[in-house]
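S.K.: Sequence order for the protein chains is A and B. Everything in the first sequence is counted per this note's numbering, starting at 1 for the first residue and increasing by one. Everything in the second sequence is counted per this note's numbering, starting at 1001 for the first residue and increasing by one.
It cannot be assumed that every hint is accurate.
[Claimed, not checked] Label-pair ranges, simulated between beta-carbon atoms:
(1) 113/A - 1334/B: 33 to 39 Å
(2) 1335/B - 164/A: 24 to 30 Å
(3) 163/A - 1054/B: 31 to 37 Å
[As the list claims (entries may be wrong)] Calculated from the model, a selection of chain B residues having no Cβ within reach of chain A, i.e. all distances over 12 Å:
(4) 1150
(5) 1198
(6) 1227
(7) 1287
(8) 1306
(9) 1357
(10) 1446
(11) 1587
[Claimed, not checked] Sample of chain B residues at the chain A side, in silico, Cβ under 10 Å:
(12) 1070
(13) 1148
(14) 1167
(15) 1168
(16) 1223
Note that these hints are calculated values from the structure, not bench results. Glycine included, every Cβ here is placed at the ideal spot set by N, Cα and C.
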Amino acid sequence: MFRAWALCGMLLVFRGPVARGVETAPDRPLRTTIRSVQQRVVKIYGAGGMRNFEAYQSGLLISSEGHVLTALSYVLDTDDLAVVLDDGSRFTARLIGSDPITELALLQLPTEGRSLPWFDLQAAAGTEPGQAIVGTRVLAVSNLFGIATGAEPASVLQGVVTAMVPLDARRGQYRSNYRGLVYVVDAQTNNPGASGGALTDWQGHLLGVLGKELRSRATGTWLNYALPVREIRGVVDDMLAGRANRAADLGVAQPESPLTAAALGLALVPNILARTPPYIDAIRRHSPAEQGGLQADDLVVLVAGQPTASCQAVLEAIGQHEREDPVRLSVLRDGQLLEIELRSPK
Amino acid sequence: MIPLRLQNMSAAMRIARYDAWLLLALAGLLTARSGLAEVQPDEAVRGAEKARIASIARASTAAVAVFDTAGKGGGSGVLITADGYALTNFHVVAACGPSMKCGLPDGRIYNAVIVGIDPTGDVALIQLLGRSDFPHAVWGDSDAVRVGDWAFTVGNPFLLAYDFQPSVAWGMISGVHRYQYPAGTLLEYTDCLQTDAAINPGNSGGPLFNAAGQLIGINGRGSFEKRGRVNVGVGYAISSNQIGRFLAHLKSGRIVDHATLGATVSSDDQGRVVVDDILQRSDVYRRGLRYGDQLVRFADRPIRTVNGLKNVLGTYPRGWRVPLTYRRKGKLVDIHVRLMGLHDQAALYNMVGQEAAKPVESPRPPTPPEHQHRSPLPPDGPRPRQKTVAAAKLPAEVAQRYEARRGYANYWYNLWHQRRIWNRYQQQTAMLAAPWRIAGTLPGGEPFELSVAAKRAAATFPWGKSGALFDAELARSLSPPRSGGLLLTLHLWQRLLAKGLRQYGEVYYLGQMPLGNLGQRADCLVGIYAGIETHFYFDPESSELVGIDMFPGDETDPCEVRFADFALLADQHLPRSWMIRYGDHEFARLKIQQWHHGSRPVAVPLESPQLEEK
């Protein structure tokens, strides 16, 4: 009896795994997919205009009301911010939100009810937990080198997602604020004007937003990367809802020795999901947090007046402070908002 | 299935051992599962891979590695005909002089001679010598290319290929109809293809193929920035359709110029492309375009941006005639425009000379200093020979096909084409000496008569008689009125037949132009005499004379004569239908019934019999 089962087992193994069909041909030709993506990518013109500080970049239409998601950069530092669509329509844009951690910004175009194609971040790709993205064939659509003008469409590069790793990057002395996960690609997106562009799969679903011209802090290699939609959705929602409307410092200086939550004596709940609400899990006895009146189950809503939607955001916001500086926390407890200032011991 | 029986111990032991092996084997297979697990690609993938490999293999046979004879510098090129014509970039051959060496993937080296150059568009035509069966590329339609199509480059980036095996890079078309600003006024890339298939220094002049292996572009530029001159995913290729318009011009051995409109445009605040400046002496002004008019369509393209116009304009040679549509006060107007030259001729030749004198920049990548002493590679390239020696001696087979002359890349080819056309034309129309008496009817049946002789001519039409005297001030005798100078045109035609190519004045082969609304191409010989430029148009196959444009001056419309309905008339193969046009109006349509010509045989010798060998 056993022998029979063993033989069957061996036959199963010999047959090999189910022949993994390679990705089936896309539903529609690549040309058509590309056109639909290009229509959702915009060309942005603003401040700058010197070598290595070009005055243009790319952006994405992300709502039916003319919201444009783009990279937070010096290009936006102007009163005369112009956005040109795929069909050549030109708008003067307003900066309405920004996030210094992800280095993303939100613009508003006065579209006046015009119906424009847009990327729905809620329906984007790569957002299922555990969904494998590495190896996905991608398109990177942007106005790199400012090649397209007026009604000329954005350029398209192609490649694959080669890795999904935490970003640890710099530009010159300036270290990138974002330390979360990024998609690394082998398409050459690290070029002037590409940041803010779209990374999509071959079906045209948005995977991420093309990052800035940064190099690895470890190796100095220029990185081709994109911020995954699933990592930034929360921040973008905040910006859309007007919760992060403080005009940001466009070049945030990093503290010499940053303050940590541990130094304050507070521990947040484990950071399992991308947007784990930052509840305080435990308070260390005799710590500044305990002395300040914080308790377990408090929800940290603001750090130094900055909204924090996730554990990651709280830790990063605290890390913007020098170790010896005080930090103001606003927490929600039983429906009540409490503001507490903490200072870590020397 | 043998049940285990304790009684049969030895048998049981055997069976148990067998089961143990089975267990072990199964365990082994399960753990080694990953090793056994071979991915079986979909048949469609295998098929696509095979097709790609075949396409690349076939197309690559036409790629050439181009070197100057001193071994310095170089780039790539692509053969386009079996008799050895090859395309490359102007900037690759600019400093090479008339002679280059080309290596083919089969490992053999051939001498090549410069034929024609287009410095504005950065294209050059050379001819490889020594064979009449070169592998060559299949021409593709660059206007059919779309963003998202696959493409591949073939060439010699960084001059890696010591054995001339080209490097191939596969990628996607990232943009079409792209515009790249010129350096000064040269090397302007209009309407070019943008690709992320790698284009590096050394790839210049080489082919861009579509997935089917058809030639859709010639690679030549890239966007570079913080990483220096290495590919960063953005390369540009001159479109095959642009080159197609210039090909006959390049074959003529001249230094070819690009077109300009004679007007400049800008975008108004509603995004419309409007004329903001116009040259009064330009053809486009004479055809009615004015300041403030909106350009709607040019050649076969709708015009929506200033770059859009620059793009399509840059793909045309000087002198071509293209349709244009403009809008004024809501009304659309269609015209045909003769395009001016972008450059002053002398200025263009001087610029070419300056490019030739520039030091050659090696396409090799800069070696990082910390790696140089560890590099196992042999020193860069073949040793450069003394420049003076290289310049003095051309290889014999190149010297046979090269003649220097100001304004030409290689006058030898121009002369060859002049003779080709003239000899074939002469075979049909040898005996057409002055004087001529031509009679026939107009469309309504009314008679006309033309008489043309060496010193004078006369025309009799239902509306009147007029005459012309051919004396010192030729450009003044433009009768009959409103014809633009029909009699002078016929006189100059007679002169060409009487004097031949060498004594008419200055004669050269221009290349091919579209003639007529259907745009059929015609060979064009230009004759300049007494300050008057006359274009003689010949059918490219038969060399029948199908038209003449006579330009009495730079700033006036020509008298245009078109010939059709060829038949035997007075023992000659002659056109029986003529159409004469001047400016925007047709002067007359003539049906020829009689053509008397001088009986003295024309003593114009056939050009030298070198025509046979090519």
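S.K.: Please go over all the hints and tell whether each is borne out by the structure.
M.R.: Checked hints:
no. : hint                       : result
1   : 113/A - 1334/B: 33 to 39 Å : 38 Å, holds
2   : 1335/B - 164/A: 24 to 30 Å : 59 Å, violated
3   : 163/A - 1054/B: 31 to 37 Å : 33 Å, holds
4   : 1150                       : 9 Å, violated
5   : 1198                       : 10 Å, violated
6   : 1227                       : 7 Å, violated
7   : 1287                       : 27 Å, holds
8   : 1306                       : 8 Å, violated
9   : 1357                       : 28 Å, holds
10  : 1446                       : 54 Å, holds
11  : 1587                       : 43 Å, holds
12  : 1070                       : 34 Å, violated
13  : 1148                       : 4 Å, holds
14  : 1167                       : 18 Å, violated
15  : 1168                       : 17 Å, violated
16  : 1223                       : 4 Å, holds
The structure does not agree with the numbered hints 2, 4, 5, 6, 8, 12, 14, 15 stated previously, though it agrees with the rest.
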